[in-house]
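Q: Each chain, letter by letter, is given below.
There are 2 protein chains.
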Amino acid sequence: MYRTHNCGELRLTHLNQKVVLSGWVRRVRNAGGIIWIDLRDRYGITQLIMEEQYTTPELIQVAKSLGREFVIQTEGLVIERTSKNPKIPTGDVEVKVSKIKILNESKLPPFLIEDETDGGEELRMQYRYLDLRRSVVQQNLIMRHKVAQEVRAYMNSQAFLEIETPVLLKSTPEGARDFVVPSRMHAGEFYALPQSPQILKQLLMVSGYDRYYQIVKCFRDEDLRADRQPEFTQIDCEMSFVSQDDVLTMFEGLIKHVFKAIKQVDLPNFQRMTFADAMQNYGSDKPDLRFGMSFKYLTELAKNKGFKVFDEAEAIVGISVDGGAEFTRKQTDELTLFVQRPQVGAKGLVWVRYATDGTLKSSVDKFFTTEQLKEWAGLFGAKPGDMLLILAGGLNSTRKALCELRLEVGNRLNLRSKDVFKPLWVVDFPMFDVDEETGACASMHHPFTSPLWEDFDKIETEPASVRSSGYDMVMNGVELGGGSIRIHSKEVQRKIFRILGLSEEELQMQFGFLLEALDYGAPPHGGIAFGLDRLCTMLGGLDSIREFIAFPKNNAGRDVMMQSPSLLSDAQLKELYLRIEAEKVSK
Amino acid sequence: MYRTHNCGELRLTHLNQKVVLSGWVRRVRNAGGIIWIDLRDRYGITQLIMEEQYTTPELIQVAKSLGREFVIQTEGLVIERTSKNPKIPTGDVEVKVSKIKILNESKLPPFLIEDETDGGEELRMQYRYLDLRRSVVQQNLIMRHKVAQEVRAYMNSQAFLEIETPVLLKSTPEGARDFVVPSRMHAGEFYALPQSPQILKQLLMVSGYDRYYQIVKCFRDEDLRADRQPEFTQIDCEMSFVSQDDVLTMFEGLIKHVFKAIKQVDLPNFQRMTFADAMQNYGSDKPDLRFGMSFKYLTELAKNKGFKVFDEAEAIVGISVDGGAEFTRKQTDELTLFVQRPQVGAKGLVWVRYATDGTLKSSVDKFFTTEQLKEWAGLFGAKPGDMLLILAGGLNSTRKALCELRLEVGNRLNLRSKDVFKPLWVVDFPMFDVDEETGACASMHHPFTSPLWEDFDKIETEPASVRSSGYDMVMNGVELGGGSIRIHSKEVQRKIFRILGLSEEELQMQFGFLLEALDYGAPPHGGIAFGLDRLCTMLGGLDSIREFIAFPKNNAGRDVMMQSPSLLSDAQLKELYLRIEAEKVSK
Chain A
1 MYRTHNCGEL RLTHLNQKVV LSGWVRRVRN AGGIIWIDLR DRYGITQLIM EEQYTTPELI
61 QVAKSLGREF VIQTEGLVIE RTSKNPKIPT GDVEVKVSKI KILNESKLPP FLIEDETDGG
121 EELRMQYRYL DLRRSVVQQN LIMRHKVAQE VRAYMNSQAF LEIETPVLLK STPEGARDFV
181 VPSRMHAGEF YALPQSPQIL KQLLMVSGYD RYYQIVKCFR DEDLRADRQP EFTQIDCEMS
241 FVSQDDVLTM FEGLIKHVFK AIKQVDLPNF QRMTFADAMQ NYGSDKPDLR FGMSFKYLTE
301 LAKNKGFKVF DEAEAIVGIS VDGGAEFTRK QTDELTLFVQ RPQVGAKGLV WVRYATDGTL
361 KSSVDKFFTT EQLKEWAGLF GAKPGDMLLI LAGGLNSTRK ALCELRLEVG NRLNLRSKDV
421 FKPLWVVDFP MFDVDEETGA CASMHHPFTS PLWEDFDKIE TEPASVRSSG YDMVMNGVEL
481 GGGSIRIHSK EVQRKIFRIL GLSEEELQMQ FGFLLEALDY GAPPHGGIAF GLDRLCTMLG
541 GLDSIREFIA FPKNNAGRDV MMQSPSLLSD AQLKELYLRI EAEKVSK
Chain B
1 MYRTHNCGEL RLTHLNQKVV LSGWVRRVRN AGGIIWIDLR DRYGITQLIM EEQYTTPELI
61 QVAKSLGREF VIQTEGLVIE RTSKNPKIPT GDVEVKVSKI KILNESKLPP FLIEDETDGG
121 EELRMQYRYL DLRRSVVQQN LIMRHKVAQE VRAYMNSQAF LEIETPVLLK STPEGARDFV
181 VPSRMHAGEF YALPQSPQIL KQLLMVSGYD RYYQIVKCFR DEDLRADRQP EFTQIDCEMS
241 FVSQDDVLTM FEGLIKHVFK AIKQVDLPNF QRMTFADAMQ NYGSDKPDLR FGMSFKYLTE
301 LAKNKGFKVF DEAEAIVGIS VDGGAEFTRK QTDELTLFVQ RPQVGAKGLV WVRYATDGTL
361 KSSVDKFFTT EQLKEWAGLF GAKPGDMLLI LAGGLNSTRK ALCELRLEVG NRLNLRSKDV
421 FKPLWVVDFP MFDVDEETGA CASMHHPFTS PLWEDFDKIE TEPASVRSSG YDMVMNGVEL
481 GGGSIRIHSK EVQRKIFRIL GLSEEELQMQ FGFLLEALDY GAPPHGGIAF GLDRLCTMLG
541 GLDSIREFIA FPKNNAGRDV MMQSPSLLSD AQLKELYLRI EAEKVSK
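Respectively, the protein sequence lines represent chains A and B.
Under my numbering, the first residue of the first sequence is numbered 1, with each subsequent residue one higher.
Under my numbering, the first residue of the second sequence is numbered 1, with each subsequent residue one higher.
Since the hints were made in silico from the structure, they are not lab data.
It is possible that part of the hints are untrue.
Same chains, same names: a pair is fine if it fits in one copy or spans any two.
Unchecked claim - Cut-off 27 angstroms, straight-line C-alpha distance, at most; resulting in silico cross-link-like pairs (DSS-like, lysine-lysine):
| id | residue 1 | residue 2 |
| --- | --- | --- |
| 1 | Lys263 | Lys84 |
| 2 | Lys495 | Lys101 |
| 3 | Lys64 | Lys96 |
| 4 | Lys305 | Lys458 |
| 5 | Lys107 | Lys495 |
The structure presented is a predicted model; accordingly, all values stated were derived computationally and were not measured.
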C-alpha cells in the first residue's frame, strides 16, 4: 500500500497515528539539525520532520539527497507542530519520519511549480504536464469537473437524457469550416467532425426523446482568434413541445443552479432584451450590464448646427459618464487615442464636461453654445460632475466604436468587477444577415432557426426585417450560450434553405435526410448550447478559456507538447488515397 | 404551453382534472360512435376518448383525419376508464377530449413503430430517427444514460476527477490504424483521433491529478468485424500510487455498483485467474464461467497407444459434459461438423459416452480398451451419464477449437443464461506477443504496460516468458475492460520501446515527450478502460453494441442515414493541400 492518507488529510485528530504518505517533494529545509520536507499531492501539503539526533544517519542522508519534485513514500508518526501554520488545513500537525523511499527522481523542472511561476507561456505549454502540477491550475480543472457534474445533476433532475451522437459525421458547408477525416474504406470520401450535433439532436427530437443533453466536443477549423480553440466543449441541449419561454426558463434555472453550487452566488432573475434594444442602447448583442452608460442619440439635437463632423454624420451617439468630469485632460486625450485605434475606428471623440459647479465645457465649444450643451446634458440625464463622451459617423460603425469606448471607460472606473454577475437573455435576433451589396442572405444563428411567425409574411420580400426565435445568454458582456426554437415544418425549412441560396439539388444532397425526417411527425422543439470552457472561465473569474483546458492548443492550432499536427508516413497517405499538394511541405 | 402532463403520468389521482397532452398518434380506433386514440411519448401511452354523441362534429372530423405518427396537442378531462388496462401505468384512466390541434402531420412510416417491427436492419438504419422512436430502442438508450450517470456517481464518490483530453491528437503507429485529420493551417500535416487517451491520462498522473476518469469517444480505423464500430465509447480511468490489487478492487467496486443500480443484481466477488490458467483450462483469455467443463489433458494417458491422430498430436484435450451421455448420434455428428468448420479448424472429434448404466462407449473403441476409457473418465472426474468430448492436435489450435466447442455445448445445454453473471479478473498476461518465426516482440496490452518485476531479468533473454501487470475484466466470456500498471521509469520505458523494435530516433520522435515527462517525478500509476457500449450490451442482455448506440455505422463504416462519408468539394481539398489518388473514385 502506497499510502494510508493523502497529503491534505491529516489533522490533530490523527495525533500519534502511524501513517504512510506518498507525494512530491515541494521543498526541503535544513536548519540546525532539523530537516523539514513539504510533501505535496492534489489534496494538499503535509510537513514532514526529521531531527538528526533522533533519526538514523542513513535516513538523514536520503532526506538530504531529495530534490524538488522527487516522488517519495514516507512512513511516520503524526505529531503536533510546535509552530502551527494556520494557512493550510494540515498546519496543526507534522509527520515525524521513520522511513523514506524514493519512488522516482526528478530532474530540476524548467520552471517553478508554484502558484506564481517563473515560466513563460510557451515553456509552460511545452511542459504542460508540469504546468498542470501547479495548484492554481489544478483548482481550475477541479472546478471544471464540478461544473460538469452540476450541469448533469440539474439536467438529470429535469428528465433530460444524455445521449451520445457521432463524431464521425458528414461534411456540410454551412457555417464555419469542417475538420474532415479521410476514409480508408471508401476511397476519396471523408467524414467531418461536428461543429455541433445540431441536426442529430433535432433528429432525436423527431425520435421522441423529448429532452436531450450532451457535454460534447465540437470542432471548427477557423483561423484562430484570441481565446478560440479548434476543439471546444459544448453543453448541448434540446427539448420538445416547448415555446421560447419554456427554454429560457429551463436554462436560466441551469445557470442559476451552477452558480449557486460552484460559487454560492444567487443570481438575480435574468433580464431580457431584444437584439434591437441591445444594439440601440449598447451597440452590441452582448452588452455588459454591470454598469450603466447606455447610449443616447444626439443626432436630432446636434446635427446641422455647423459642426462639419456632426453635420456629415449618419448618427451622433454618446454616453454619460457618472463622475467623469474629474477626468483630466490627459485622460480625455487617452480616450481620444483609444477610439482612434484602428480596431475601434472612430475619427475623434467629442467630450462635454459638466463640472460640479454646473458649468459646461466641451471640445466643441467653437461650434456649440452653453445652452446647446445644456440641452445635450438634459437628453443624457447628466448631472454636475458627469462627462459626456460623443462619437459621430455611420450608425453601425459609431455604435460599435462607442461600445468599445463604453467598455474601456468601465474598465478605467473599475465598474467591471469579476465578482458581479449580470445575466441577460438577448432575444429576437434578426433571421438573416443580409449582404448590403448583393442582398444575399446568411443565417444569423443557423439555418434551422425558426422565424418569428408574426414576421413570416415578410420573409421573401423584406428578409432583413424578419426576426427569428434565436436567443443568446449573455453575462457581463460574454456570450455563454445561444439557441433557438427550430423549424419543424418541412416546407418552412425548405423555404429557408432556398432563401439562403441553396439549390434544390444542394439541399437534397446535404440536408435531404433532415427534410425527410420532418415529414414523419417532427414535434415543435428548441434548444440551446453553452460553451463549457467559457462558462468555467466566467465562474473562475479568469480571462482565457485555456486556463480550464487540460491540454490546449496554441493560436496556430498546434500542441507544442506533443508536436501535433505532424507528418504522416507515405504508407499512411497511400492507404488513404491521398497525396499532399503543397510546395511548402518539408520532410 | 404545449402540455400540462406527459403521456406516462396520469393516474386515478388526476380524475376530473383538465389536462393538456402532446405526443404522437400511435393508433386510432373507431367503434360504434366512439373514437379512441393512443397518444404516445417517451414517458408512456395515454388513451384519449371521444364519443360522437357528446362531441362536436368538427372535432370528430379532426380525429378521423389523424394518421399514425401525427403529432397532436389535445385538451380534455381525465376520467376513469370503464374497461381498465392493467398492462400500462396509465391504464386506469383516459382523457375525454375537448380539443385537438394537429402540430405536425406524418407520412406513413416505412415500418411499424412498435416493439416488434416489420422493418429490416437496413431500412431501420436508413430511417434511424424512426427506429429510435420504438419503445424498445428508447429503453436501451435510457439505460445507457443511466449507466453513464451511475459510473460517474461511483467515480465521483471515490475522488476521481473527470478531465477532458484532446480529440485532435498526434498520430503514433502503435496499435491499430489511426483516423487522421488534415491540418489546413499546417500544410501536409495531420492530427490523429485518439485510439484511447492512454498517454494523456498517464501525463495527468505525472501532473499529480491522482485519480482521473473520462467517458470518452475513441476511434480505430480497423476493418470492421461484426459488432465493432469505428468510434466507440470508453470509460477511461487512471490512478496514482496504486498496486494492481488497488486497481482491481476499485473497479470491481465500480462494476458491482453499476449492476446493483441498473439491474438490482448483487454481483459475487470477482474470481481472479492467471492468463496461463485461463488458457490451460478454457483455451481463452476470456473464459465464460457460467458453466464448468474445464479442459482436461489426456496427452499422457492417450498418446502413443496406437491411435495415429493422438500419437501425432502435440496435445490431447477434452471436456466432460454433464449429462452429455444423452446426446444422440445425430447430436455428436453435429458437434463433429461444428469443430470441423474452418473457423474452428479441428480435424475431428473423439467422444466417449459414459452411459448411466456405467458402460463406456466411444468413437475410438477400435484403439482403446474399456479399461483405458475408464482411466480417462477418471481423469475427467466424469460420472455415469456424462460424455467426454476430445480434440487433438497442436496445443494452441486445439485449445482454441475446444474453447469454441465448449461454448457451443454450453449454448446447446442452455448453460449461458443472460441473467447469470460470472465476473472474472484475468491477470498476469504475457508482456509480449512474440512472433514465432522472426522473434519480433509486439505488446500484448500496449507499450506502456509494466512487466512483472519478478520476470524483469528475463526481458531481453526470454521475452516470451515475461509476464506483465496487464489485466482484463471478463464477464460471461466477454471482455468488459482491460488495463495495467504502467511503467513510470524512463529507463524501463525506453528499454521496452527498444525491445518492440523502435529505433532511438523513432521513439524520440513519437514518444519523446512521454519519456521526458517520466524524468520529472512520475508517480507509480495504473488504470483501466471499459467499453461502455459493451457494458450496456451486457447489462441489457442483448448481443450487439449497436442496440445501445443512437446513430451507429454499418459494417462498412458508413452512416446510411446521413450518407457519410461523402465527397468533398475541390475547394475543400485545395484548402487542405490534398489530392485524391484513386481510380475508383467517382464523382
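Q: What hint numbers does the structure not satisfy?
A: The structure conflicts with hints 1, 4, although it agrees with all the remaining ones.
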